[in-house]
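Participant: Please work from the sequences and hints to get the whole structure.
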Amino acid sequence: MFSYNFHWNQAFKALPQMLDGALVTLQIALLSMAIGLAVALALTLFRLSENRVLSGFATVWVEIARNTPALFQIYMAHFGLGSFGIHLSPYTALLVGIAFNNAGYLAENFRGALKAIPETQTRAGRSLGMTPLMAFRYIVMPQMLRIAFLPATNQMVWAILMTSLGVTVGMNTDLAGVTQALNAVSFRTFEFFALAAVIYYLIAKAVTLAARLAATRMFRY
Amino acid sequence: MFDTALTLADLGFLAKGAAMTLAVTAVSVLAGTILGVVFGVLRNQLGTYWSLPLTFLLDIFRSVPLLIQLVLGNALQSILKLGWAPFTTSCVVLSLYTAAYCTEIVRGGISAVPTTTRRAARSLGMTWWQDMRYIVAPLATRVSLPAWIGLTLGVMKDSALVLWLGLIELLRASQILVTRLQEPLFILLICGAIYFIISFPIARLGGYLEKRWSND
Numbered sequence: 001m002f003s004y005n006f007h008w009n010q011a012f013k014a015l016p017q018m019l020d021g022a023l024v025t026l027q028i029a030l031l032s033m034a035i036g037l038a039v040a041l042a043l044t045l046f047r048l049s050e051n052r053v054l055s056g057f058a059t060v061w062v063e064i065a066r067n068t069p070a071l072f073q074i075y076m077a078h079f080g081l082g083s084f085g086i087h088l089s090p091y092t093a094l095l096v097g098i099a100f101n102n103a104g105y106l107a108e109n110f111r112g113a114l115k116a117i118p119e120t121q122t123r124a125g126r127s128l129g130m131t132p133l134m135a136f137r138y139i140v141m142p143q144m145l146r147i148a149f150l151p152a153t154n155q156m157v158w159a160i161l162m163t164s165l166g167v168t169v170g171m172n173t174d175l176a177g178v179t180q181a182l183n184a185v186s187f188r189t190f191e192f193f194a195l196a197a198v199i200y201y202l203i204a205k206a207v208t209l210a211a212r213l214a215a216t217r218m219f220r221y
Numbered sequence: 001m002f003d004t005a006l007t008l009a010d011l012g013f014l015a016k017g018a019a020m021t022l023a024v025t026a027v028s029v030l031a032g033t034i035l036g037v038v039f040g041v042l043r044n045q046l047g048t049y050w051s052l053p054l055t056f057l058l059d060i061f062r063s064v065p066l067l068i069q070l071v072l073g074n075a076l077q078s079i080l081k082l083g084w085a086p087f088t089t090s091c092v093v094l095s096l097y098t099a100a101y102c103t104e105i106v107r108g109g110i111s112a113v114p115t116t117t118r119r120a121a122r123s124l125g126m127t128w129w130q131d132m133r134y135i136v137a138p139l140a141t142r143v144s145l146p147a148w149i150g151l152t153l154g155v156m157k158d159s160a161l162v163l164w165l166g167l168i169e170l171l172r173a174s175q176i177l178v179t180r181l182q183e184p185l186f187i188l189l190i191c192g193a194i195y196f197i198i199s200f201p202i203a204r205l206g207g208y209l210e211k212r213w214s215n216d
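Protein chains in written order, with our numbering: chain R, 1 to 221; chain C, 1 to 216.
One should not assume that every hint holds.
Residues on chain R that point at chain C, a partial pick, calculated with CB under 7 Å [as the list claims (entries may be wrong)]:
| # | residue |
| --- | --- |
| 1 | Phe46 |
| 2 | Pro69 |
| 3 | Ser83 |
| 4 | Ala196 |
| 5 | Tyr201 |
Just so you know, the hints here were simulated from the structure itself, not pulled from any lab data.
Think of the CB as a built atom: it goes at the ideal place given N, C-alpha and C, for glycine as much as any other residue.
Facilitator: Here it is as structure tokens:
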């Protein structure tokens with residue numbers, strides 16, 4: 001029944017290559033998260049604004065990001081944008097796709113966090129002579145980021161897992177891409193991908209742990 | 001002005017892909033939910049310490065990319081010479097993936113039922129099973145349903161990844177059409193619209209239930 005010979009040696013020999021891939025994975029995840037956070041903040045401001053066009057734009061972005069598969073969004077960046085004459089490399093397409101997704105989910109997190117902050121806080125800031133933007137920047141935003149920190153951590157883990165989708169658009173430098181390239185040469189699918197799974201697991205756990213440590217330090221008061 | 005080579009037959013092909021997406025989702029969510037409820041109750045009964053192995057095992061499914069899980073599942077079934085079709089493999093992997101998330105939701109729902117309420121039930125002479133069936137189940141369902149709807153939609157979207165095993169679901173069907181017709185933007189937009197039409201109303205329903213059931 002069990003006539004398969006495992007060749008773990010080959011997988012372990014490729015470990016340095018795969019760890020290089022893991023760095024690329026982490027890089028994409030961090031970059032996409034940074035872009036996603038910035039865009040999500042902008043979207044949150046748009047949604048709060050009186051301007052119908054801006055708030056409509058933000059709502060459409062959030063709903064599309066949340067109601068279509070991440071893989072579809074990456075395909076859209078890679079194949080779809082080609083129709084406008086924009087040809088993105090797999091790396092950029094992956095980054096754009098994940099950042100788009102992150103921004104949508106983070107904006108929704110921020111909205112949930114905003115609900116927990118009483119309206120009176122803004123009004124108190126305004127009556128101290130702050131402009132609306134100042135009240136948001138100095139009163140609401142710090143509290144919002146604090147509440148949204150844990151969901152954002154989850155989104156970061158999601159971003160790491162999503163980077164593996166790059167392999168479907170021809171990405172070959174991140175962890176999944178490297179593993180697939182190695183697999184294409186040796187056909188040791190199980191060994192290589194099991195090792196990749198372990199690495200992904202460790203990265204996800206390390207990020208979660210780091211975020212938790214950071215949270216206890218940042219939110220001491 | 002606008003010209004496309006897309007025919008009615010191609011739309012039918014996309015619809016078939018969408019049906020495949022829904023079939024994979026339905027099977028996986030059904031099996032995953034049953035498993036998730038069992039694991040969730042088990043984790044609650046065993047306590048933190050004794051359920052540690054189960055917690056760890058399920059955590060793996062949430063910390064490893066689904067694509068890798070699918071590849072590993074497929075490799076494993078060929079190593080074990082199970083001879084599963086891609087559809088079966090996809091459903092098995094997605095079910096376990098769903099179960100891992102569902103366990104968390106069920107566990108959260110059960111722990112949201114106040115201990116005092118359950119003790120009251122037991123002191124009225126209810127058995128453990130009666131307590132579970134008539135006290136915990138209704139209250140926990142109320143808490144968990146919005147999250148479960150979210151999970152179902154998540155699985156529906158994640159089921160796009162089964163294309164890697166060669167299953168022709170919605171996204172793969174659009175990709176095939178794109179390769180043939182060379183109109184990536186138009187076809188992908190249709191594909192996205194189909195996902196959106198399936199997902200958006202259900203997401204709204206989940207949001208509504210969450211709002212409706214939260215304040216009491």
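Participant: Just pull the numbers of the violated hints for me, sorted ascending.
Facilitator: When the structure is compared with the hints, only number 1 turns out to be violated.
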